Amino acid sequence: MNYSLSDEIKLPPPSSREVAGLSLRNVDLRETSRRRLKLKVQEFFIEKFLFLNGLTSIIIIALIFIFLFKEGVKAFTEIKPFQFIGTHIINFSGQEVFAYIWQPVGEQGKYSLAPLVLGSLLVAIPATVIATILGVGSGVYLAEIASRRRREWMKPVIELLAGIPTVIIGFLCLSFLGTAVQNLFHTSFRLNAFVGALGVSLVIVPVIATITDDTIRAIPDDLREAAYALGATRWETIWKVLIPAGISGITASIILGMGRALGETMIVLMATGNAALVTLDIFSSVRTMTATIAAELGAVAQGSAQYYALFLVGATIFTFTFFLNLIAEVVINRMREKLKL
Amino acid sequence: MKKIIGIVLAGMVFLALGSLQAAEHITVKGSDTMVILAQKWAETYMKAHKDVTIMVTGGGSGTGIAALINGTTTLANSSRPIKPKEMKDAKSNNIVPMENKVAMDALAVIVNAQNLVNELSIPQLEAIYTGKINNWKEVGGPDHRVMRYSRESNSGTYVFFKEHVMHDKDYAPDCQNMPGTSAVAEAVSKDSWGIGYGGVAYFAKMKELKVLRIKKDDKSKGVSPLKQDGTVDFEAVWKTEYPVARYLYCYSIGKPSGKVQEYLNWVLSKEGQTIVEEIGYVPLKQMK
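For the record, the sequence lines run as chains L and Z. Quick note on numbering: the first sequence equals residues 1 to 341 in my numbering. Quick note on numbering: the second sequence equals residues 1 to 288 in my numbering.
Hints are computed from structural coordinates only; laboratory data are not their basis. What you are looking at is a predicted structure, and each value in this text was computed from that prediction instead of being measured. Mixed in with the good hints there might be a few duds.
Claimed, not checked - Covered stretches of chain L, going by a simulated chain Z footprint (3 or more residues, C-beta under 8 angstroms):
no. : region
1   : 124-132
2   : 183-193
3   : 267-275
4   : 287-296
Said to hold, decoys possible - 30 angstroms max Cα-Cα, derived DSBU-like pairs, lysine-lysine:
no. : chain 1 : residue 1 : chain 2 : residue 2
5   : Z       : Lys-101   : L       : Lys-110
6   : Z       : Lys-259   : L       : Lys-80
7   : Z       : Lys-101   : Z       : Lys-190
Beta carbons are placed, not taken as given, at the ideal position from N, Cα and C, and that holds for glycine.
Construct all of the structure, not just a fragment, from the sequences and the given hints.
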């Protein structure tokens, strides 16, 4: 592809002699039309090439979906569906009880998804709440309050948070944050859902802050000017005009952040203790869906019940994040229409 | 992870030695617990013997033995003895696997250095890890909840502990599964009421941890896997006084010959067994 679109621009402007001499002009016209054809062909191929690029990601997503669900569904042939809810076990006093246990390795595998789904939510929801407070706060600050110079260095620094390898954050949670949380809240589990949530929130603060900042800055100045003209203070303008105007963008950022929190693996693997407990206590150790896959898929025999069960876990988490992203996309589109961007 | 490192290293070694011609080729497959050890053996051996290439891969003890039976590997590493069913499969394939004990592995049980408990019996350990005992006061400690730390189910240590200590009963659901022995050590050193387990050499020099004496049953005397000076007590493991120990095996097809025999002899030699000690396992008592 030696020809580029700029070739046309490089054409010398018709000189007065060329305009005057008809014969020369005819030759020129033929040249130009040939060039046009060439460009048209080029255009066609470039267009198709870019279309294929776009299509590739759609195909890949579709293939992942199909593969994940195809393998996940096989779990139902190996394991009875109700076992994904819980299993009857005999407790130490000899009574038979219905228990929600995830323990695939053993005489009889136990495959309850309840502790894993609860564990994922118990990390993702507090993480999203913490990150929302920090992220929306810093996003609004960057967009409305910070001076241009301060904004110029602060925004990249906040975005840098997302660039820290998650294994480093996980390690900090494991070695320092766990002790700090235990000393502060006197928890019996040193590694718990809350420690994981703190770690994960660091990763999603930049997601929320950046989108909030972009949203608020995209709000037309008419709204600000109108608010100030009515005598509103800066705070009133932000709280009663700008945030309501940008609420769909902010909501979308929070939903995207939550999707990221649900999918986060390395931090939760290291920071939450990975005990598959059914609990609503955020200071209890939990086992998330992602950590389970990361920890177990490496050594599982292909085609075993556990292998398919892990794919089912994968399909479950993918469904969660897929719908969260879908909702965020719809919300963002609605905002774009509203603000006519 | 171990597997990936193993494969990458094996690949690198393979490529590096690929240029050498007419080398005898030995493949070793099996136990993930033994991958690092087998890798180190292979590297050291190949440095001295340029005419042999050894390729080590993991996959688990069962995978290794299956490969031996199918004839796709020269040697199979296993952290457990061969099962009768596998022996039968091998016979029907006209293969007689020969057992070679190549090293020993002892698991230590650790608590935080602040914990008053100094020894536990195997039945007590079983009760703690299955969730029957939940408070330290039931085993002579202070009145506080026991915080159980375990490994992930993909680790050979997890299975060994489950089979040898817990008699194959299930772990309590509130066992916190750590992604490695180092994470177990880290967690128990920071958790005053924690209990954990792992390869004995790993904990030998950690001040925040206490390695427990283990009793075979409630009547016998507690044995520590460590000596007074804090180094691993090989004698206690060799005499099977220390109850949480196992052999590590390398299975060959029939009685090996030629280069394979030389390699196995070297593994059992002083040089090979020194590597066992360096990696953190227990060397065999009889060295050739």
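Going through the hints against the structure:
1. 124-132: With 0 residues in contact (Cβ-Cβ under 8 angstroms with chain Z), the coverage given for the region 124-132 of chain L is violated.
2. 183-193: Three-residue rule met by the region 183-193 of chain L, so holds; n is 4.
3. 267-275: Result for this restraint: holds, n = 5.
4. 287-296: Three-residue rule met by the region 287-296 of chain L, so holds; n is 3.
5. Z:Lys-101 <-> L:Lys-110: violated (35 angstroms)
6. Z:Lys-259 <-> L:Lys-80: violated (51 angstroms)
7. Z:Lys-101 <-> Z:Lys-190: Not OK: Lys-101 of chain Z and Lys-190 of chain Z at ~37 angstroms, beyond 30 angstroms, violated.
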